[in-house]
Amino acid sequence: MGTETSKGTKVFALTGDIRNTGLVEVPMGITLRELIFEVGGGMVNDTTFKAVQLGGPSGGCLTKAHLDVSVDYESLREKGAMMGSGGVIVMNDSKCMVNIAKFFLDFSVGESCGKCSPCRIGLKQMYDKMHSITTGQGKEGDVEELIQLGEAIKQLSLCGLGQSAPNPVLSTISYFREEYDAHIRERNCPTLECPDLLHFLIDTPKCIGCSLCAKKCPVSCINGSREEKYVIHQINCVKCGNCMMVCPVKAIDKIPGIHPDVIVAETRARELAENQD
Amino acid sequence: MFLDVCKKYTPTKDNLIYILHEIQDNHPQHYISEEAVQTVSKYLNVPVNHIYGVLTFYSMYSTKPRGKYIIRLCESPPCYIKGSDNILRRLKSLLHVNVGETTKDGLFTLELCACLGVCGNAPVMMVNDDVYGDLTEEKIVSIIDKLGEV
Chain L
1 MGTETSKGTK VFALTGDIRN TGLVEVPMGI TLRELIFEVG GGMVNDTTFK
51 AVQLGGPSGG CLTKAHLDVS VDYESLREKG AMMGSGGVIV MNDSKCMVNI
101 AKFFLDFSVG ESCGKCSPCR IGLKQMYDKM HSITTGQGKE GDVEELIQLG
151 EAIKQLSLCG LGQSAPNPVL STISYFREEY DAHIRERNCP TLECPDLLHF
201 LIDTPKCIGC SLCAKKCPVS CINGSREEKY VIHQINCVKC GNCMMVCPVK
251 AIDKIPGIHP DVIVAETRAR ELAENQD
Chain R
1 MFLDVCKKYT PTKDNLIYIL HEIQDNHPQH YISEEAVQTV SKYLNVPVNH
51 IYGVLTFYSM YSTKPRGKYI IRLCESPPCY IKGSDNILRR LKSLLHVNVG
101 ETTKDGLFTL ELCACLGVCG NAPVMMVNDD VYGDLTEEKI VSIIDKLGEV
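So the sequences go chain by chain: L and R. The numbering of the first sequence is the working numbering, which starts it at 1 and goes up by one. The numbering of the second sequence is the working numbering, which starts it at 1 and goes up by one.
If the Cβ cut is set under 10 Å, some of the chain R residues that face chain L in the computed set are:
| # | residue |
| --- | --- |
| 1 | Ile81 |
| 2 | Arg89 |
| 3 | Arg90 |
| 4 | Ser93 |
| 5 | Asn121 |
DSS-like cross-link-like pairs, simulated, lysine-lysine; straight-line CA separation at most 27 Å:
| # | chain 1 | residue 1 | chain 2 | residue 2 |
| --- | --- | --- | --- | --- |
| 6 | R | Lys92 | L | Lys215 |
| 7 | R | Lys104 | L | Lys215 |
| 8 | R | Lys92 | L | Lys250 |
| 9 | L | Lys229 | L | Lys215 |
| 10 | R | Lys92 | L | Lys95 |
| 11 | L | Lys216 | R | Lys139 |
| 12 | L | Lys215 | R | Lys139 |
| 13 | R | Lys139 | L | Lys239 |
| 14 | L | Lys239 | R | Lys104 |
| 15 | R | Lys146 | L | Lys216 |
| 16 | L | Lys215 | R | Lys146 |
| 17 | R | Lys92 | L | Lys239 |
| 18 | L | Lys250 | R | Lys139 |
| 19 | R | Lys92 | L | Lys254 |
Sample of chain L residues with no beta-carbon within 10 Å of chain R, all distances over it, derived:
| # | residue |
| --- | --- |
| 20 | Thr5 |
| 21 | Phe49 |
| 22 | Leu192 |
| 23 | Cys237 |
No lab work stands behind these hints, which were simulated from the structure alone. Glycine residues also receive a C-beta, built at the ideal position from the N, C-alpha and C atoms.
Next up, chain R with everything else stripped away, as it sits in the complex (with noise of 0.2 Å):
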């Protein structure tokens, strides 16, 4: 399965990072397992610590599973004088996680991020691709009922 992603593209160095990404997507726990880093290291002959480098250097890669919604939720400065660090207090309680971890029904992963680009709307946490803005405590609780309940 991991070298039909592979096959898509030319085996050259340059395609490591969207191969990855690919593999990646198409994963229901939005990972890299160490049989798809092994699979694209033979295909494109690039060795396996090259490409471990590759994937813990950016942060949008992840080597371990993670939930089927991903919460990234913005620590920069216009998001946190907006009051970001009671919102992620809030998600802590409600999930039941550190940044960084899944939670134990396999639903969601917490993680941090920088600027989404949406100042303006502070604070912002992005859920998957759907971006989530003026984020209140009260917003916070409705958004993952919402989600946990599907």
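Next comes chain L alone, as it looks inside the complex (with noise of 0.2 Å):
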């Protein structure tokens, strides 16, 4: 049983989007497609498979391209992802993959022993990047840095960790390139996960005026009343989501993109302090 390299079986742990989730025993030499779609049980919810996390913390992402590929040692190497710990996320087309690749690196920053410099202080500088990114503050050319910086950590820490912790970046990067584009050129997440990269609002003609919002507010930043109907003030709102779970008319919605009023906020605090300069 199992390939010529990698033989016998091998367990995994399957979770995410698919409906069978749980501990699984396959040969090896099973492809991807029959891992998720057979045993797996397929996407929950008849969702889109969008991408799986392959080998905990260290691995990397594959796209659907890689649905055929053999799961064995080998060939998930060739292919950016390892078996690791025998992880296995699959997640559908709802999830940021600039989000996930971030968390991900949360997880090295915060296990690295720091003993060697390219682990320590290179993790770190990639993680504080990978924030600027979701929350907004990504500039042109800070995904060539971070490949950069992931290929010199790759190759200069002492250990696995620092080895193999800029994988889930740089696999995300070359799979899913288009996102990074978006977060960074337009501040705009494609799956509304980046709660910086969104704005909520309250769709007026729909609105009934029950104030529900308003009082569920951490931050009292909705005002209104019964004949005026409800407004989010954007600039104080801390995207809590709060307002839109109550809401009973489901007339809050979720918009991609930075509001305007906060954009104008942003450079007129920004001009303020040139000024001041």
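These two chains come separately, so use the hints to put the complex back together.
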């Protein structure tokens, strides 16, 4: 059983947006498609498959194009992922790959022992860059710097942690570059996962003026009345989503991109700071 | 009272972890007080700073009083992908605490933890020794309400 170089079976912890989650033992050399759509029972609620993350925080993300890759040590490494811990996290199209990569990197930053500087300082630099991209502060050229940093950390780190920690970022950059570009150029998170790159808006014709959202707002940034309906003050909004959840008529929507009011406020604050210098 | 726990074990260094665990489990506020550390230090003949070294290294020990219910939300990747950050935000706003803090009524302490080994039911949290899986924001509200009633 298994392939020429990876013999026997392998136990995986299947989880994510699939029907059958839990531990599964499969023969080596099975394809990812079989693992996810037959053993895993396919995507939950018939959502669309987007990516699969293999091997925990040191592993990488693979996409639709890799569904027919055989699951064995060599094939996975070749594609930028790894067997690693045996964790298989399947994601549907509602997941933001930039945010996921940042999450995995956060884990590695915390785990770094600090003995060698590429890992200790390099990973923190990568994390800061990822953080600025997901909060709308990304600049043109950030992705190239991330690749450069990642490759250097992989080559120069002393142990396996640093040598594999940039994998989630590097693999998502190579397979989901357009998402990084949307975050940086359009300051927009296509999947509405990054709270700094979206805003909540009350659809005035739908609003019944019940005031539930205003009562649930932790920063009291929703004002209005039964007659005039309610409006969210965008600059103070902390994007908690409470209002959207309590609205009985579903009049509140998540809108991609930063609200123009916030951009105006940002520009004004920047000008003020420049004038003070 | 701390000495009674100590006396169940032979006074050798390797029993330190067991003694600390028992002291913490028996304390209504799930923590190890300075007084307890002093007692254990004398009993085992181990310096106090050594015991604090152990206490602060392991995340399961606390040197600060905690609530009656300790909520440990898993922050590992599978739970994160299934939305544990939304659950955390909900817990914070429900309990009016940040991670590591205890509610004013002394009922709940909110903590984060590594994988609880039930990734198939992600997102997962533990309240004292009970595991709650497949969490949703609605489910969180009912769990907290139920625990808060008693």
